[in-house]
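Asker: Put together the whole structure using the sequences plus the hints.
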Amino acid sequence: MSDTHLSNQKFADLALEPKVKSALSENGFEFCTPIQALSLPGLLQTKDIAGQAQTGTGKTMAFLVATFNHLLTTPVPESRQLNQPRAIIMAPTRELAIQIAKDAKLLAEHTGLKVGIVFGGESYDVQMKVLEKGVDILVGTTGRIIDYVRQGVISLSSIQAVVLDEADRMFDLGFIKDIRFLFRRMPDSNQRLNMLFSATLSMKVQELAYDHMNDPVKVEIAPEEKTSKNIKEELFYPSAEDKIPLLMSLIEEDWPEKAIVFANTKHICEKLWSWLEGDKHRVGLLTGDVPQKKRLRILEQFTSGKIDILVATDVAARGLHIADVSHVYNFDLPDDCEDYVHRIGRTGRAGRKGVSVSFACEEYALNLPAIEEYINHSISVTGYARDALLDDLAKPAVIHRKHVPRTTRDRNSGARPGGAQRSGPRPPRHDRTRRHS
Numbered sequence: 001m002s003d004t005h006l007s008n009q010k011f012a013d014l015a016l017e018p019k020v021k022s023a024l025s026e027n028g029f030e031f032c033t034p035i036q037a038l039s040l041p042g043l044l045q046t047k048d049i050a051g052q053a054q055t056g057t058g059k060t061m062a063f064l065v066a067t068f069n070h071l072l073t074t075p076v077p078e079s080r081q082l083n084q085p086r087a088i089i090m091a092p093t094r095e096l097a098i099q100i101a102k103d104a105k106l107l108a109e110h111t112g113l114k115v116g117i118v119f120g121g122e123s124y125d126v127q128m129k130v131l132e133k134g135v136d137i138l139v140g141t142t143g144r145i146i147d148y149v150r151q152g153v154i155s156l157s158s159i160q161a162v163v164l165d166e167a168d169r170m171f172d173l174g175f176i177k178d179i180r181f182l183f184r185r186m187p188d189s190n191q192r193l194n195m196l197f198s199a200t201l202s203m204k205v206q207e208l209a210y211d212h213m214n215d216p217v218k219v220e221i222a223p224e225e226k227t228s229k230n231i232k233e234e235l236f237y238p239s240a241e242d243k244i245p246l247l248m249s250l251i252e253e254d255w256p257e258k259a260i261v262f263a264n265t266k267h268i269c270e271k272l273w274s275w276l277e278g279d280k281h282r283v284g285l286l287t288g289d290v291p292q293k294k295r296l297r298i299l300e301q302f303t304s305g306k307i308d309i310l311v312a313t314d315v316a317a318r319g320l321h322i323a324d325v326s327h328v329y330n331f332d333l334p335d336d337c338e339d340y341v342h343r344i345g346r347t348g349r350a351g352r353k354g355v356s357v358s359f360a361c362e363e364y365a366l367n368l369p370a371i372e373e374y375i376n377h378s379i380s381v382t383g384y385a386r387d388a389l390l391d392d393l394a395k396p397a398v399i400h401r402k403h404v405p406r407t408t409r410d411r412n413s414g415a416r417p418g419g420a421q422r423s424g425p426r427p428p429r430h431d432r433t434r435r436h437s
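Using the working numbering, the final residue of the sequence shown is 437, and nothing's skipped along the way.
Take these hints with a grain of salt, some might be off.
[To be verified] Here are the simulated DSSO-like cross-link-like pairs (lysine-lysine), alpha carbons at most 30 Å apart as the crow flies:
hint : residue 1 : residue 2
1    : 258       : 293
2    : 133       : 105
3    : 293       : 280
4    : 306       : 243
5    : 19        : 105
6    : 258       : 294
7    : 293       : 395
8    : 177       : 114
9    : 294       : 105
10   : 232       : 266
11   : 293       : 114
12   : 102       : 19
13   : 232       : 306
To be clear, the hints were calculated from the coordinates, so they are not data collected in a lab.
Answerer: Next up, the structure:
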């Protein structure tokens with residue numbers, strides 16, 4: 001890891017339970033990130049925390065370390081039953097819940113604490129069987145957690161630690177009534193360790209914190225910097241008919257190790273997937289209509305490198321913790337300024353460099369002024385030559401056809417294995433489309 005994103009605080013120097021220290025050491029965690037360095041000392045003294053931090057700052061490990069440490073150093077309630085978890089972590093999306101649970105299991109392997117995860121879109125009965133065996137830490141989305149509470153599958157009366165992650169997103173998605181419902185079924189706030197994390201500590205988020213937490217300490221990490229300095233942002237002004245050829249040309253130039261292409265609608269995402277698949281790219285599609293099992297399979301393929309490009313709506317803009325995303329392409333500028341920040345935040349993580357490319361077309365260019373005002377800087381504009389765009393694109397693939405696995409791409413060769421045959425020599429990189437205007 002680069003030292004640029006870490007603090008001088010070592011985990012080994014914190015008053016952590018030995019099993020937690022061992023788990024962190026075994027998984028390569030030596031230095032705290034700023035949000036961890038600021039929040040953990042207070043949390044280890046059982047002080048509640050309301051933290052402002054963007055995705056990718058290490059906040060997940062901050063609250064997981066605090067949760068595991070608290071459960072290991074706090075006596076189990078004498079009246080606790082098998083169906084009563086000791087800690088609950090609430091997330092706004094399935095993807096985020098899955099990632100949190102995955103990170104939690106890194107600590108669980110060394111501590112003996114059991115982690116369970118529940119969310120909609122998966123078998124109710126399968127998840128229920130896990131809960132019936134007993135879990136110490138429950139990670140999930142609020143809707144499915146409420147289902148199990150109402151059915152008596154679980155009880156929250158022995159909760160000793162609570163985490164509310166991405167609280168601002170909870171408001172955006174209308175989950176606040178669900179959260180308050182769950183809080184009312186837990187022990188009083190002074191009988192548990194409470195943690196809230198949010199990209200913004202707006203008044204409504206702070207009100208939620210003070211209503212359900214015990215005099216929380218506010219922790220903020222560089223709220224004025226909404227986008228990472230590690231991300232190179234670039235803007236094109238394509239005509240409607242140039243958008244797809246320009247995207248395909250830029251991907252050919254960049255040949256990204258791992259990229260996410262965002263569009264504003266499911267229809268456009270499917271269209272982009274068809275063009276990329278037809279041109280022999282290893283590409284996955286992630287929209288709200290994709291069944292949960294297929295969604296998880298696509299994310300696993302993208303994480304493991306079997307897929308190089310993920311085309312997605314904003315269902316994937318938050319909560320995805322995928323390492324080494326080198327490029328983000330905004331085929332459409334988002335209508336919501338925060339979505340722009342969350343989209344490009346998929347790259348440039350953990351001190352690495354990243355590239356964000358956005359298209360300001362006629363339909364969505366009006367979103368640009370608000371975005372630039374929100375991020376407090378203008379985005380560098382790059383021109384392109386129309387006659388340099390790829391004009392021999394393969395026919396788009398038919399959506400929903402069976403995916404045929406391909407071999408790993410040779411990134412040092414001039415042409416792709418099994419790719420579309422292009423007539424004539426390929427122009428030198430950077431001389432085809434990108435020109436400073």
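Asker: Now tell me if each hint is right for this structure.
Answerer: Structure-based check of all given hints:
1. 258 with 293: Holds: residue 258 and residue 293 sit about 22 Å apart, inside 30 Å.
2. 133 with 105: Status holds; Cα separation ~17 Å.
3. 293 with 280: Holds, at roughly 24 Å.
4. 306 with 243: holds, 26 Å
5. 19 with 105: holds, 13 Å
6. 258 with 294: holds, 19 Å
7. 293 with 395: holds, 29 Å
8. 177 with 114: holds, 28 Å
9. 294 with 105: holds, 23 Å
10. 232 with 266: holds, 27 Å
11. 293 with 114: holds, 23 Å
12. 102 with 19: Distance ~18 Å between residue 102 and residue 19 Cα, so the pair holds.
13. 232 with 306: holds, 26 Å
Violated hints are absent here; each numbered hint is respected by the structure.
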